[in-house]
Amino acid sequence: MKAALIVVLFALGTMFVPAQTASRQPERATFDGREYVRLGDWARDKGFEVNWVKRDEVLQLTSPRHKLVFIVNSREARINNITVWLLLPVETRGDRVFVSQLDVQTTLLPLIAPDRLGVKIKTICLDPGHGGKDPGNRNGKQNEKQYTLLLAKEVSAQLKQAGFKVVFTRSWDTFVDLSNRPGIARKRKADLFISLHFNGTVGGRDEARGAETYALTPAGGNSTAGSGGVAGGSYPGNRFNDFNMLLAYQIQKALVGRLGTEDRGVRRARFEVLREAAMPAVLVEGGFMSHPTESKKIYDATYRKEMARAIVDGILAYKRHVE
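Under the working numbering, read the sequence shown as residues -10 to 312, first letter to last.
Simulated from the structure, these hints should not be mistaken for lab results. Honestly, I wouldn't trust all of these hints.
[To be verified] Heads up, simulated EDC-like pairs for lysine to aspartate or glutamate below, C-alpha to C-alpha not over 16 Å straight-line:
1. Lys56 - Glu38
2. Lys286 - Glu261
3. Lys35 - Glu16
4. Lys142 - Asp166
5. Lys43 - Asp84
6. Lys285 - Glu295
[As the list claims (entries may be wrong)] Derived Cβ-Cβ restraints for the label pairs, each shown as a range:
7. Lys176 - Ala208: 18 to 28 Å
8. Pro53 - Lys122: 17 to 27 Å
9. Arg82 - Lys111: 44 to 54 Å
10. Asp123 - Arg82: 21 to 31 Å
11. Lys176 - Lys122: 16 to 26 Å
12. Pro53 - Asp123: 45 to 55 Å
13. Gly129 - Gln14: 22 to 32 Å
14. Asp84 - Lys109: 45 to 55 Å
15. Phe20 - Thr291: 42 to 52 Å
16. Arg247 - Pro225: 46 to 56 Å
17. Asn40 - Thr163: 49 to 59 Å
18. Asn40 - Pro124: 42 to 52 Å
19. Gly246 - Asp84: 34 to 44 Å
Quick reminder that beta carbons are idealized off the backbone N, C-alpha and C, glycines included.
All chains should be modelled from the sequences, with the hints used to inform the complete structure.
Following this line, the structure appears as structure tokens:
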């Protein structure tokens, strides 16, 4: 009799379990043929509080470890105070805000919940941009190819001090075809590929300044750079989408934090050296040679040493996350 009573009481108790204990799937919507999820639903499922910073314009998600800020109808976002450009714009339907499923999977989750796979980072390939007949950006007598090589040598020295093995796609002023650079890294069994560049503007405009770091655009996503390589689907480098994003973010965070440079953000592009990489790869634009003040810093060895330190700090932060 007692056993039967216990069964009845248990059955009655389960009838009154609050409905909110059941897992609720985020609301979904489609914009221009792309799948989106309601940002508030996704955020609360991940333990974030959701609040408007500016009603109907700027939405903020906060948790004990992270702060994410989204601008409605824009691709610009901030993750823990670092600018990150989304693959697709945040959309609205009435008072509801939606983020693309592609960004959830390949932009947000790699940064707030990175996989720790026990990957060992031992060998790093540095790719000084341009060289030989290709000078890169020019500012008077100054050529980008010279300063990317100087920066690479400083990064190499500091990486070796930190215990890494370093290989180069070029060690002197020589031309290396873009298509060959990822192959050099693969043959040398590099665990990471870091392409180093300095920016410039077209037509003599000198207002632009700051650092930006690129990861390969995932299939189905929009590149941030107008000249970010060919459009299309998946490439060999897309096998490392999550790692590419985490590496780019950690380097950008370190550049902004150590140098105090303007944060132009983590961006996406289908540059050839990223498309064909057989390991996690990023392309760093350390500053603008076309800017009158920033260019002088780029030409200064002390500043480049600090920039190298930031890049190494970013690599070390990435290493701590994945090992």
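Here is how each hint holds up against the structure:
no.: 1; hint: Lys56 - Glu38; verdict: holds, 10 Å
no.: 2; hint: Lys286 - Glu261; verdict: violated, 28 Å
no.: 3; hint: Lys35 - Glu16; verdict: holds, 15 Å
no.: 4; hint: Lys142 - Asp166; verdict: violated, 20 Å
no.: 5; hint: Lys43 - Asp84; verdict: holds, 13 Å
no.: 6; hint: Lys285 - Glu295; verdict: holds, 14 Å
no.: 7; hint: Lys176 - Ala208: 18 to 28 Å; verdict: holds, 26 Å
no.: 8; hint: Pro53 - Lys122: 17 to 27 Å; verdict: violated, 53 Å
no.: 9; hint: Arg82 - Lys111: 44 to 54 Å; verdict: holds, 48 Å
no.: 10; hint: Asp123 - Arg82: 21 to 31 Å; verdict: violated, 48 Å
no.: 11; hint: Lys176 - Lys122: 16 to 26 Å; verdict: holds, 23 Å
no.: 12; hint: Pro53 - Asp123: 45 to 55 Å; verdict: holds, 48 Å
no.: 13; hint: Gly129 - Gln14: 22 to 32 Å; verdict: violated, 59 Å
no.: 14; hint: Asp84 - Lys109: 45 to 55 Å; verdict: holds, 48 Å
no.: 15; hint: Phe20 - Thr291: 42 to 52 Å; verdict: holds, 48 Å
no.: 16; hint: Arg247 - Pro225: 46 to 56 Å; verdict: violated, 32 Å
no.: 17; hint: Asn40 - Thr163: 49 to 59 Å; verdict: holds, 54 Å
no.: 18; hint: Asn40 - Pro124: 42 to 52 Å; verdict: holds, 49 Å
no.: 19; hint: Gly246 - Asp84: 34 to 44 Å; verdict: holds, 36 Å
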